[in-house]
Structures are given as structure tokens and as C-alpha cells.
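Sequence lines, in order, name chains A, B, C and D.
If you read the first sequence in my numbering, its first letter stands for residue 1, the second for the next number, and so on.
If you read the second sequence in my numbering, its first letter stands for residue 1, the second for the next number, and so on.
If you read the third sequence in my numbering, its first letter stands for residue 1, the second for the next number, and so on.
If you read the fourth sequence in my numbering, its first letter stands for residue 1, the second for the next number, and so on.
Treat the hints with care, as some may be off.
Unchecked claim - Not everything, but these chain A residues come out facing chain B in the computed CB check (under 10 Å): (1) Asn181; (2) Leu223; (3) Ser285; (4) Met286; (5) Pro287; (6) Arg357; (7) Asp361; (8) Arg364; (9) Thr365; (10) Ser366; (11) Thr367.
If you're looking for bench data, these hints aren't it; they were derived computationally from the structure.
Glycine residues also receive a C-beta, built at the ideal position from the N, C-alpha and C atoms.
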Amino acid sequence: MGYDPENPMADRITDIGPPHFEQMFPPVVKANYGKWLYHDILEPGVLMHKSETGDECYTVRVAAARLISVEHIREICDIADAHCDGHVRWTTRNNVEFMVDSKDKVQPLMDDLKSRGNKFPIGGTGAGVTNIVHTQGWMHCHTPATDASGVVKAVMDDLFDYFGSMTLPAQVRIALACCLNMCGAVHASDIAILGIHRKPPMIDYDAISSLCEIPLAVASCPLGAIRPAKAENSAGEEIKAVAIKQERCMFCGNCYTMCPALPLADPDGDGIAILVGGKVSNSKSMPKFSKLVIPFLPNTPPRWPETVDAIRNILEVYAKDARKYERVGEWAERIGWESFFEKTGIPFTIKSIDDYRLAYDTWRTSTQFKFTSHIK
Amino acid sequence: MGYDPENPMADRITDIGPPHFEQMFPPVVKANYGKWLYHDILEPGVLMHKSETGDECYTVRVAAARLISVEHIREICDIADAHCDGHVRWTTRNNVEFMVDSKDKVQPLMDDLKSRGNKFPIGGTGAGVTNIVHTQGWMHCHTPATDASGVVKAVMDDLFDYFGSMTLPAQVRIALACCLNMCGAVHASDIAILGIHRKPPMIDYDAISSLCEIPLAVASCPLGAIRPAKAENSAGEEIKAVAIKQERCMFCGNCYTMCPALPLADPDGDGIAILVGGKVSNSKSMPKFSKLVIPFLPNTPPRWPETVDAIRNILEVYAKDARKYERVGEWAERIGWESFFEKTGIPFTIKSIDDYRLAYDTWRTSTQFKFTSHIK
Amino acid sequence: MPKHDTPMMDELESGPWPSFVTDLKRQAEKSPQCWDILGKMELSFKDRITHWKHGGIVGVFGYGGGIVGRYSDVPEQYPGVAHFHTVRLNQPSSKFYTTEKLRQVCDLWEKRGSGMTNMHGSTGDLVLLGTTTDQLEPLFYDLTHDLNWDLGGSGSNLRTPACCLGKARCEYSCIDTQALCHHLTMHYQDEIHRPAFPYKFKFKFSGCPNDCVAAIARSDFAVLGTWKDDIRIDQDAVKGYINGDFAPNAGAHAGRDWGKFDIDAEVLALCPTECMRMKGDELQIDNSNCTRCMHCINVMPRALRVGKEQGATICVGAKAPILDGAQFATMTIPFIKIDPENDFEEVIDVIEKIWDWWMEVGKNRERVGETIMRIGLPTFLKVMEVDIAPQHVKEPRSNPYVFWGPDEVEGGWDRDVKEFRKRHAQ
Amino acid sequence: MPKHDTPMMDELESGPWPSFVTDLKRQAEKSPQCWDILGKMELSFKDRITHWKHGGIVGVFGYGGGIVGRYSDVPEQYPGVAHFHTVRLNQPSSKFYTTEKLRQVCDLWEKRGSGMTNMHGSTGDLVLLGTTTDQLEPLFYDLTHDLNWDLGGSGSNLRTPACCLGKARCEYSCIDTQALCHHLTMHYQDEIHRPAFPYKFKFKFSGCPNDCVAAIARSDFAVLGTWKDDIRIDQDAVKGYINGDFAPNAGAHAGRDWGKFDIDAEVLALCPTECMRMKGDELQIDNSNCTRCMHCINVMPRALRVGKEQGATICVGAKAPILDGAQFATMTIPFIKIDPENDFEEVIDVIEKIWDWWMEVGKNRERVGETIMRIGLPTFLKVMEVDIAPQHVKEPRSNPYVFWGPDEVEGGWDRDVKEFRKRHAQ
Ligand code: SRM
Ligand code: SRM
Ligand code: SRM
Ligand code: SRM
Ligand code: SF4
Ligand code: SF4
Ligand code: SF4
Ligand code: SF4
Ligand code: SF4
Ligand code: SF4
Ligand code: SF4
Ligand code: SF4
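Same shape as in the complex, but just chain A (with noise of 0.2 Å):
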């Protein structure tokens, strides 16, 4: 019978969480679950794990957009109905896993995914550069400096070699994020692509007595820049409302995110910085923030050239310096960041000197550097 407006309570259930993750499990998975002993790679995009039972659990990865239709999920189950018996899985980076029991069923598997275009490229393992994690861009969010889905699908276009192949020093991993939000948390990728805005927020003051708490918009700023103040409306009416010291803004749009009436978005002012050296593992080195390299590249939808190509450029100059096994930000503390400047070509800016929080700990205390072109 379904929903009824009318009695919108009736046998109403809440709080059942997700399904149980078991029911989900293909047999192999199930059946050797904490049993396996060791994997390997058998190509790109192909993993095989074997078990102490002696079973084995061949992995076929596949790169997916992460904005996908039902229409193309529906695909995905037909592909797994036919070969991995009605199982599937994404990984937490959006690759869709196809996984079979024998090595007999791989080549199959294969030649399926293969025969649908560019559907279902395969790869996305080892020393090569995975599917981004990325978030909503214009697609979806209010607060966005940049999109997200159109400057993943230029970036990875550009890389796709590098998705299909294992050819560099160590994974590399991209992560956008469309605002300093950072939902794709960005923080600590490889190669990160990150939404700023430029222009201080506009204070919209026909809307801002009925949108914000002025307090609560006084308080969002991290630098005290907003305070106050009685202004006038269109209707000519005096109002509560705020002034801001464009000057102190460092363009975080924390104001905005509490006070809709400050809205920042700008197609000039907004565009994207990189980052780069982050890593999220504990391997050899801890986790390590992303440092800020390029601090501003324009929104040029729909293929945004010259984040692609700063970004091919950076990937290039790793993958001929690097040491095997060496992540990019690994790399990078070894030469040295004013080497790093220096092999890449990117111009060395002010901006990426610390001003903010904690920033003396990334001052140079020291006569330890190197005579690179920077010093004249």
C-alpha cells in the first residue's frame, strides 16, 4: 500500500541502519573472510588474493564516474550477474570491483567490461594514479569556487594512461575538493585540486535580517573581519546588519556557510589551487599535510587546460625524479621544496608562505638550503 499523507505514521519504521554487510559478501569472500594469506597484482586493475584454504579471489577494478546513472548501475549488475553471480563492490575511492572465484572467469570478465566502450576502463591499482575522490562542484553545493565532476572527468582524461598503468614510483593519489570546505579532503592527497574563492563576500542587505543571526555571522569569522553594523535596505529601512574589512579576508567563506546573505561565488574570483605532498598511509613516513604550490589557476570550463596541464606537469617531473616507492610529498622532502620548485618549474610565490595559524614551524631556521635559480 505504501506511504499515506493522510496518516503519515502508520507502521512508520526508523532506525534500522544499512543492511548487514554479510549478506553482501560474494561466497569466496564469505567463505575465506580473514583467511588470506597474500595478494598480487596480475595486471593493471587486476588483483588476485589468495586464501590459506587455497581459494583464490580474482579482482577486476574498474574506474566509474562518481555521479552515475541507475541506468549505469543497472549495467554494473548485469556484468555481475553474468560473471561474479550477482556480486559487486565499490571502493573507497569510486572504483566498481568485479569479483570472480577462478582464474578462468577473469578473461571473460574482461572482454565483457571491454566490449561497452569507454564504460569500464580497467586499472586504478599499484603504482598509478586511481580514480579521484572528489565532491559535489556546481553539480550540487551552494558554496562551491569551482565545479567538481567536470575538471575530474578533463584531469582524468588527460591521466588515463596512467590509471591503466603501474609505470610510476609510487600511487599517487588526486583528490579535489570545490571549496576550503574540503569534503574531498584534499588535505592530504598527492596531487590536490582545490576551489578557492578571491573576492570577499557581498553583504546582501535586503536579505540578511531575515537569513543570518548576526552574531552567529560576526562569529563565523576566523579573522575577525566581520562586525556589527546598522545599514539600509533598499526599502530604506535601517537595519541590523554587518560590515566587513575586506582586508582581513582570507576568503574562507566560513561567513557564508552560516549567513546566506554573504555570498562570495565569483566567476573571476573563484578558481583552484594546488596542492601536493600530502599522504594519508602510515608507510615508511606518517601522514603529511598537502602544501600549497600553485595558488590560483582559472575556472576554464569545460576542460579547465591549465589545471590539467599543471597537474601532468608535476606528475611528469615526479614520476622521471622520484625513487622507487617514493610518494610525492616523500619525494619532494628529500630534494628539498626549493628543489621541488626548481625541477617542476613552477614559480615560487608568496602565497605559499605561511601567514595563518602555527605557520612558524614552516619558516626556514636554518642556513641549510639550497642555491637553486631562485636566488639571484
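Chain A is already provided as a structure; the job is to place chains B, C and D with the ligands on it using the hints.
Coordinates of chains B, C and D with the ligands only, in the frame set by chain A:
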């Protein structure tokens, strides 16, 4: 004629600065200024510098208490006159250097020095413990939390063998500062002895009005523990004074520096903290700050046994465990601070966890750590 | 709804990477509002700016989260997406699916929404992208009744927990990531659905220090599997790697000729603690100095295995930079047993200690990591009742500004300044 | 003045280290107030507390520094030290002395003060320890007239500059430390003697990155010698070290058997930039990657010499922890020629840029390092008019909070919200 109180401005001379350094140079130094090729440490305390002219300068370095009498200086002059044609120097760490221009003059000089009891111990070079940089303590300062000369004498009596030998993995620089002002600049020493207070300031209501500017006293507190407050003095008069939130105080003493009516010093409250692992030179690793490893040791004149033992213990564990050329801080970082505490047996206390500014950078944001006995 | 002229969108159909545009067009055949999605995206590409209004509080009755409201600022031009709310379905732990369940979701979403999804959101939810307010209650009804599936979190509450695939398909996993993740998700349904916190709070669970779900970077409460005893060594397999029988790092570097495997350069020299050595052709590990960084195991999975005495390290307080700068989670519990038998009691105990404190002292919109920054790690560790250890810090403090209590100091703090002056003339 | 009973002081006469107590007793024969010094020290040892009053503003006419006032809080008990002011004599650069000069100082101080000194104070002065107010002017007269010697600094002024011995007796020195130190001391007599700064300001000069005068840790303005070209290598001497003809590190480790010298382990492996290698028995250095840390030169002084193109790196803002925590000096000028010929013009230019800015924006009792912390390194570097380089930081910022000016952004900052709303309905 000299100074005439009747007429103080008579032929007054000012701003003539110090004597010119060149008048002070021994001939061999003047002749070979800027021409030195290399040096050798012939034995502890004895340096030979070779010049491209072929000249050699032999230096015999001897310890001195930094607090010395003019009688003692005269004796040094006698020695310098007898052996070094009237030249001598002090090092940046309060040792005295006698220089001669030929090898055969070295032995007579050393014999002379040795003939004068314990006044002129030879050493302080290379991979040993040299003189302690220190400050005034109870001998002359108004803010000390411990003494200087007495503690230094006690510690160096105990470490004496390390002054006259070169058996350590690297040079070990010990410094003492009698309060948090750190005139001894102990913030970058292999082993630092620091006088600390542990009782919040008292408020002398009878003195505060005459001695202090309340706003300066209030502003002096980095933790905002001091606020203006009315109070009553012994005479029963209401006066402008301050109130102190004692639990906010971390005993830096800055308020006392600014306002004499706020004394902190106390026989039981005051004592010594030990910091380790700092370095100044840019050799190998960049300069490092000393780290607080023992938060408190009592003031126990005349010989401060707890402090003496603590330092010897650290030094001996370091001597056994560190690699050649490894400074104390480089050693601790290589083995990990948890291992430093394990090996030295120094109990790790919550006091060593930073909760001041920039504290976050010292927290461990990784799963990388060793299972020492600290973890039950 | 009509098609719109979308040259820039169309451009994104070219290229080898799967195209969301092509996919949108495909879905549009069944869900015409997708034409408006495309049209409106084209407008944003043209204007280089978002065309969504700020916020929009919508939801289903009795829940404070799980749905993010969205309204278009050009509703007339693209009526199909005038309302475009997202629905966050709490994904099954580690994102395995049966096609049966997935198809149910597809049918439901084609009926009740735009037919577009995010597989998955950054927090881990299965995100249904775009529907209208009137569809929310019916959708929730069908979801709970027909799919018996529930919403995830949004707002100032516990966010949808997530985990790596762990023991399901990884030999490195030291904990039952899914079991832990699912159990806590069920245990805290109320906290997920009804905001009662100062700000959002996130759980993430990784089976080992490789941290494949980025817990230490992206969760307020990060549980990472680890072990306490020795790395298990199969010396024959070590020889196998040396002889080139097995590809190092499981073949992760096979795409390039890095030369013959060199165990000294590739393993021993890269061990951050230098705690490995070769005695002849036998590999020796000084486990007491190992920090379980995983590198050697990653490079030689056939030869090295994580230890047998398994458990987890708990780190607290990761977050994105707004507002004090990004934080990684800080190591708080060095080692804890993760025990499904007793319903993960120990873990729950830790969580509630954190929440009790944070809910009491945390300011509005202050993540727990920021609260710890503001109030201090020492205080937080005391609240957590953990044994203070050097492991909690990278290094001891370098400033001398230590707090002491009157009880810690002989004679306490009460002093009589007049007495003092008798001995010390002013 | 009578002797006092000083059991604890007496205890400090034992032991192998030179005893300041024995020395005090010796001086007491000529300067009886030394008995009171001993007596009063004994009292402090007994009471475990200082017996000096706070502060005391004394000085010589026309000078705002050079003398630190001290008064006893037990004047009756120890009248000899009721007043006990210190006089800071500006030491000759790098502390070489002729016995003639020293004897003059001795005579002067025996006449005008306690006969006790500090050789030297932490800043570098020759400190005369303890005299009475009435002696100050006569002492100053004799000092300037008979010794033609002047006072050093104290208070909120330029403190007495100090330097390492540099080229006088060290093969590593890349600059004329004494000449620079002396010249600036003379050039800035007024700044040394008459406080006009927000707070104290210190100069220190080291001839090379070994920094034997601790400039980078202890001075607001630290000049450290360095070079720009290549390390000079004497390959025969390299072989000499390898063959054991020369002791590594000039014999600094001779006291212990560290085994045969191993150039790989002791030099190459410890090079922080890994920029050295042996080609056969020839040592090669990739100087472009060298950071001039000095290690290899320190270990093999006969084989390696600093480069020929010499100059200095200037670092700014070191200080002790009061109040924001200790700071090392921050690298500001990567390379600057140090040229006695033109009276060090370039250096003076740098100093005055710093002072002009600091005196304008610095708060009362704010060291320049704290001012830079408060206002930001980028602003400071702009003020210094240096080319911004990655060398200024250890690493780029990790937070995204970048300032932009209206001039840097297309269209500037002036926008009309009403226009905006036309395109974006609220
Ligand atoms: C499937 C997935 C977990 C999941 O639950 O979905 C996964 C699976 C594996 N990871 Fe991972 N990792 C996955 C995300 C991650 C992440 C998270 C992220 O990138 O956002 C990380 C942290 C990244 C970082 O450090 O910034 C991650 C850091 C690692 C590492 C450490 C690499 C390093 O050197 O730092 C290893 C070890 C290795 O690669 O040898 C690893 C190893 C593995 C192994 C080999 C584990 C195993 O034995 O099966 C798995 C296959 C590796 C491969 O793909 O080549 N996995 N792995 C995730 C696949 C994402 C994708 O589609 O590409
Ligand atoms: C005489 C003096 C300079 C002066 O103008 O007075 C001096 C003289 C020399 N120093 Fe120094 N240093 C002197 C204080 C310092 C200081 C400052 C301090 O300790 O407060 C430092 C920085 C300490 C630190 O890093 O914390 C210092 C760090 C060095 C280093 C770096 C050592 C390291 O590995 O970090 C070297 C290189 C070496 O020792 O091979 C060095 C090397 C030298 C050489 C070998 C230079 C040379 O070729 O002559 C000189 C003899 C070394 C020796 O004594 O073994 N000197 N040296 C100072 C003697 C102090 C004393 O009486 O003990
Ligand atoms: C949908 C999602 C991005 C995506 O496309 O995947 C998302 C979308 C939004 N995030 Fe987020 N966040 C999402 C994962 C994250 C993550 C990543 C994670 O959870 O691992 C982070 C960084 C980690 C963290 O929590 O710090 C993240 C950090 C933020 C922040 C900054 C919070 C902070 O303390 O720094 C905000 C700002 C806020 O809360 O007001 C925010 C706010 C928002 C809002 C609600 C916008 C706002 O200003 O209120 C976005 C709604 C967009 C929309 O219209 O749908 N989002 N957000 C992710 C949730 C999907 C899911 O449930 O699976
Ligand atoms: C005499 C001397 C200690 C010694 O025994 O050698 C000294 C003694 C005092 N210092 Fe100092 N400082 C002395 C070198 C230092 C140094 C070391 C250096 O200059 O290399 C430092 C650390 C480096 C620095 O400047 O940061 C130092 C950092 C301080 C501070 C903290 C300043 C800061 O910004 O952190 C104070 C507190 C203040 O200025 O009020 C201070 C204050 C003082 C006062 C004036 C006490 C006070 O509260 O006003 C002391 C007077 C003691 C007395 O009665 O004689 N003294 N002071 C040193 C000067 C002798 C000389 O001229 O050669
Ligand atoms: S990163 Fe910013 S713009 Fe992008 S989804 Fe998150 S909150 Fe929205
Ligand atoms: S954008 Fe950020 S910095 Fe600028 S006013 Fe708003 S809150 Fe303040
Ligand atoms: S460290 Fe403190 S007590 Fe010691 S001399 Fe300096 S200011 Fe005085
Ligand atoms: S000692 Fe320091 S912290 Fe305590 S009240 Fe005085 S200024 Fe404040
Ligand atoms: S985190 Fe560890 S256990 Fe989990 S998938 Fe990654 S490697 Fe395997
Ligand atoms: S896990 Fe890491 S630390 Fe431990 S032995 Fe292996 S490489 Fe070394
Ligand atoms: S700093 Fe350099 S030049 Fe000066 S004495 Fe030390 S080693 Fe020699
Ligand atoms: S000076 Fe330092 S960095 Fe340069 S080559 Fe020598 S050891 Fe390496």
C-alpha cells in the same frame, strides 16, 4: 685629576666603543689572519691550526669558572706573559685559550698550567663536555629560581673527566639558565638546566601602588591570569591592585619582571627542569630546540645531587647508545623519544606534553610508535 | 522536459574516461529531469558559478539528518531541478552489494528521484542525488519497508561510519572492520539520525596502518588495526623475493623496469626505524623497534605477515581546515583489543568518554579535534583515563610553560607576603 | 668587613673543577666586600632563594644602558654588598686580549668595585660584577679616559654585538667576523647606549654554519658565513683520511676507539642531502644539492675547504621563550657579500630596513621575531624587499588561507549584490 663630582661634564668622553680587536691579536694570529688551512686536536684541550704560510698556532684551552676575580685574571696574565708574549683569549663558552706559535712552547705552557693546582684544567675540545654556559642565579639576579655558579660547579665536578677527554659520540653542550628568561639560551642545548618556579606570584598590596603600573602588570601575563582589582593594603586603604587566577598561572615570572610587587620565588616551589636534545649548529641536522624531559628537581644546595645524577645518567646512556657524530637530539630522534625515555629510565610525565602555543605540532598523528614498557 | 543546448557538456562526452554527461543523457531517456540537470550545469559552466541557493532545511519526520536540501536559483529555466535534495543512504559496511539490492535501489530512485547517484559520497554514503520535497516521505517509507534500509547522517550528529574492506579481502587486516563498523552504526542509530552534538562527528575504521579509508585524515574517531607481537616471517619466501620468484610489492611496480629486486635498498633501507637486517640470507627484524609502518610487509606480502596479537590504535580528532587548519587524528589509545565477542565494549567505552567530555565543553561548531587543541591534549588524555606515555607525542614540549597544582608543590600555594617581606626587604 | 661562617660555600671548594669560592676568598684578601658576597651567597644557599631586590635603575649620565642596578634585601647583614651593580664593558670582538689591557681592567675594578667579574656575560660583555652607585661615574671616567674603553648595552637597545673568532684562528670562516662586529659596534654606539627600541635587539656573527657564537639561536640579527660556489676538494688528502694518515674530525673523537675511518658511513651517509659519492677513490660532490651543512668539511678539514665565493646568510628574530616560545632566527637573506671595503654598506642597509619597520609596528617589549610572528613572514619579507624564494620556508603552507588583494583579482572587489541577485535568486 680624574672624575670631578663638582663638574661631572668636564671633558667627558662617550661612545668610543671597545678597544679594537686587532691590538689584541697575538702576532701569529695577525700574521695568518684568514690564511688558516686546517687544524688538529693534538690532545684534549690542545689545538694546532696550520696556516698556508706554514705557520702554526698552538692553542691550549683551559676551563674557568665564569665568575672569576681580578686576582685570577692577573694570574692568567702572568701565564700569558710567560708563555704567550702577553696575549690570551676567552671562548664563547667561558674557557680561556693560551696560544703559542711553536710546538716546543706547548709543553712548558702545559706544565706551568698543571703546576697551579686545579685552577686551569686543560680540555673542552672535540667530542667531550665543554664549559657550561650559564647565568647569574643567586649571585646577582633578582628573578632566579635556582643558583647558577653553585649548580655549575657541582655538575662539572661530576663530569670533570668528560671535560678532559674526547670519548663521547659528539660534542655535548650543557647550559644553565636560572629562570625562564633563559639568559643562558638553554633553549638550544644538548642538555639544559633550567630554573623554574612552581608557585604563583604573591601580591604585595603595600608595595604595588608605588612600584607597579597596573596595566603593564596585567598585560604582562601571556595567559591572562592577571586582572585589575581593588584591594586593601596593611594601612587599610583601598588601593588599585591586581587579582591573579592562580590555576591559570604557568609560572613564567614575566609579571614579576614587570611588577616587583608580584614575587614568585620560593624555597620549595623553585627548582630545576632538565631539557635535552637541542643544538645550534647547522651541521648535519638543522638547529633544534631542547625538549623538556624532567619537569622538576629540587633546589638542594650546595651540590644539587638530584640534578647532578640526572645529567650523568642521560650522558652515560647517550654515550653508550648513540652513533659517532650523533648529537643528543639527533640520537633521540633516531631511536624515537619513547625509546629515549625507556633507555634513560626517566619517567615520562604529562608535563612533557605540550599544551602551549603551537602545541599541535608535537602530538603524534600517526600509528607509528614503539611498544616500550610505557604501554601496558 | 525539453533538451537544452549544451555544447560544453557535450564536449565532456569525448575522451577515454567514463563521461557523466553521456550517462546523464542516457538516464534522461527515463528521467527527463536529467535534461534540466544538463541544462543547468551548462549554465554554471557558462557563468562559472554555482546556481544553487544556500541551504534548505528539509528532511523526513523524526530525523535530523540524512537529507540535504537544495533549491535552484533559476527554477523557471530548469523546473525539473527546482528542488534537488540529496538523500544519503547508509552504505553497507565496506560497500559490497548484491545486484538484487542494487536493482531495488535503482527502481526506487527512478520512481522517486532523478535517477542520478553518487557512488559514493566522501563520507561513504550511497548518495541519491536530486529529488523534490514531496517525494521524501514516500521514498523513506519505501526504503524502510521494502528495502529495509535506512538513511545515513548529516548535520551536527554522528556521520555515517565507514571502513576499509579489511578481512573480507585483505591479508593485512588486524580487525573486523565491517563488524565493528556495522555494530557501531546500529548501536548509534539515534546519534546518527538526531543531531545532539556541538558539530559533526565521524567514525572510520581501517584494518591496518595503510589506512585505506583515510581514517586518520578524515575522521574524528579513527580506529586503525595493528599488532603487538612480532611480524611473521617466512624465510623461504624472503629468498623467493631475493631470487626474483615473486614480484616485489605484489607487482604494484610491474609497469616499469626498476631493475632486479634489491632487498637492502627497497626494504631494509626504507624501514623508518632501521630495525631490519639480513643475517646471511635470513631476514631479522628487531620487533621492539618496529613502528608497524607496513612498508616491509607491503613490499613482501608473501614473506611477511602482520603479527598474531592483533588489535587497534585509536586516533582522535581529524578534520578539514575550516577553521583552525587541518588536523590529523592524534594517537590516543596505543593498543586496544577489538573484540566482537563482547560487542566491542572497550571501543564503545572510549567513544562515550570522548562524547561526554566534548558535549560538555565543546563549543558550537567545534570539532572534537579543535576542542582538544583549545583545551589541551594533557587534559583530554586525563579525561580519557589513559596511561600517559611518550607515544602520545612526536617529541616532548620545547617550551617550559608547565602547569603545576598546589597539591604537587610542597607547602601548596598559600603564602603570606608579609612573612616573605620579613625575610626580603622591599 | 668580617668573614662569615659559610659551610656550604666552603663545600664548593672541593672537587676538580675551578672553584669560584676559593677564588672569592682569594680576592677577599684585597677586596673585603667579597666576604659579604660569600656570606650573602651562603644565606641564599640556606634559604634556597635570591636575596636581591627587584631591579634598580642606575647608570652613568647620558647612557641608558651598560649598567644593571642591584640592591640587597638584607643590607644590614652584608653591608659590603648592599649595592651591587654590574658594569658591562663592551668586549673586544671575539675576546682576544693583551695582558696589558686586562691588567688595567683589573686595577680599575679593584679600585672601583668588588674585584669580581664574569668573563664573559652570555651576550658577550666583560661583566664587572658589583659596585656602589657612587663609584659609577668615576669608574666610567677612568674607563673612557685611561683605558679608552666603553660600556656595552642593556635595556631596550642594541645589545653588545658578539662574534666567533672567525678568520683569526679558524679555517672555516667565510667572513671577517671581527671586522664586521667591530664596525657595527662603532657605527651604532648611539643605539647601544641610548634605548630607543621596542625591546632589546642583538647582533651575533659566526664565520660559518657551525655557528660557534650561537647566532641563530640567540640573536635578533644573525649573520652566518657561507659560500656560493663549490667545496674545494684535495683528493690526495681524501685518500689520506681513507688510509688513516689523518684523524677524522681533526681528532675530535680520538678518545675512543671507533674503529677504522669509514668515509661512506662517517661522511657520505651523514650528508643530509646525499649529494656526495665516491667514484673509485675520488670524492665527488654535487654542489648544486649541497646545503653547506659543514659536516663533511668538519670531518675532513685537510681535504675539504669552504668555497671561494664567500659571503653570509642573514637570519632574523631568534630569542628565548618569553613569551611566545623560543624562536630560532629565520632565514631572510640567503646570500649577501660581506665587504669591509665599502664599510659593510649592504649589511647596514638590511639592518636599517628591519629597524625602521620594527620601530614603527613593534609593540612595547616585543622582540622583532615576535613582531614577524604576529604580522606574518610574507609581510616582513616584502618590507625587506628580498626576492621571495622557497628557501625562505622549510615547506610551503598546508592551509589554504591565502590573502589576495583587489588588484590581483580580475574585476577587483567591488561588486553589486543587486546585480548578483538578478542572476541568482535568493
Ligand atoms: C580497495 C581499497 C580499499 C577499499 O576498502 O576500497 C584498497 C585496497 C588495497 N590497498 Fe589501499 N586501498 C584503497 C584505498 C587506499 C587509500 C585511501 C585513499 O587513497 O583515499 C590509501 C591511503 C592513501 C594515501 O596514503 O594517501 C591506501 C593506501 C594503501 C597503501 C599504502 C601506500 C603507500 O605506500 O603509502 C598500501 C600498501 C601498498 O600499496 O603496497 C595499500 C594496499 C592495498 C592492498 C594491496 C591491500 C591488499 O592486500 O589487498 C589493496 C589493493 C591495492 C591496490 O589497489 O593496488 N593501500 N589505499 C581502496 C582502493 C581505492 C581505489 O579504488 O583506488
Ligand atoms: C673557540 C670557539 C669559538 C670562539 O669564538 O670562542 C669554537 C672553536 C671551534 N669550533 Fe665551535 N667553537 C666554539 C663554540 C661553539 C658553539 C657555541 C656554543 O657551544 O655555545 C657551537 C654550537 C654548539 C651547538 O651546535 O649546539 C659550536 C659548534 C661547532 C661545530 C658543530 C658541531 C656539531 O657537530 O654540531 C664544529 C664542527 C666540529 O666540531 O667538527 C665546531 C668547530 C670548531 C673548531 C674546530 C673550528 C676550527 O676549525 O678551529 C674550533 C675548535 C673546536 C673545538 O673546540 O673542538 N664548532 N662551537 C668556541 C669554543 C667554546 C668552548 O670553549 O668550548
Ligand atoms: C556530499 C559531500 C561531498 C561529496 O560530494 O561527497 C559533502 C557535502 C557537503 N559538505 Fe562536507 N561533504 C561530504 C564529506 C565531507 C568530508 C569527507 C569525509 O567525511 O570523509 C569532509 C572532510 C572531513 C571532515 O569532516 O573534516 C567534509 C567537510 C565539510 C566541512 C568542513 C568541516 C570541518 O570541520 O572542517 C563542511 C562545512 C560545514 O560543516 O559547515 C562541510 C559541508 C558540507 C555541505 C553540507 C555544505 C555546507 O556548507 O553545509 C555540503 C553539501 C553539498 C551538497 O549540496 O550535497 N563538509 N565533508 C560528502 C558527504 C557525502 C556522504 O555522506 O558520503
Ligand atoms: C647578565 C646576563 C646573564 C649572564 O649572567 O650572563 C643577563 C642577565 C639578565 N637578563 Fe638576560 N642576560 C644576559 C644574556 C641574555 C641572553 C643570552 C644572549 O644574549 O645571548 C638571553 C637569551 C637570548 C635572547 O635575548 O632572547 C637573555 C634573555 C633575557 C630575557 C628574555 C628576553 C626574551 O625576549 O625572551 C630577559 C627578560 C627581560 O628582558 O625582561 C632578560 C633579563 C635579564 C635581567 C636584566 C633580569 C631582568 O629581569 O631584567 C638579568 C640581569 C641579571 C643581573 O642582575 O645581572 N634576559 N639574556 C647576560 C648579559 C650579559 C652580557 O651583557 O654579556
Ligand atoms: S567541498 Fe565545499 S563546495 Fe564542495 S561539496 Fe564540500 S562544501 Fe560543497
Ligand atoms: S570569507 Fe572567511 S575570512 Fe572572509 S569574511 Fe568570511 S569568514 Fe571572514
Ligand atoms: S636567567 Fe633569569 S634569573 Fe638568570 S640571570 Fe637571566 S634573568 Fe636572571
Ligand atoms: S607568572 Fe606568568 S603566567 Fe603566572 S601570573 Fe605571572 S605572568 Fe601570568
Ligand atoms: S587498510 Fe589495511 S587492511 Fe584495510 S584494505 Fe587497506 S591494507 Fe587492507
Ligand atoms: S613494519 Fe615498518 S618499521 Fe616495522 S620492520 Fe617493517 S619497515 Fe620497519
Ligand atoms: S663559526 Fe665557523 S668560522 Fe666561526 S669559529 Fe666556528 S667553525 Fe670557525
Ligand atoms: S656540506 Fe653538508 S650537505 Fe654539503 S656536501 Fe658536505 S655534508 Fe653534504
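Tested hints:
no.	hint	result
1	Asn181	20 Å, violated
2	Leu223	17 Å, violated
3	Ser285	9 Å, holds
4	Met286	4 Å, holds
5	Pro287	6 Å, holds
6	Arg357	9 Å, holds
7	Asp361	5 Å, holds
8	Arg364	8 Å, holds
9	Thr365	6 Å, holds
10	Ser366	4 Å, holds
11	Thr367	5 Å, holds
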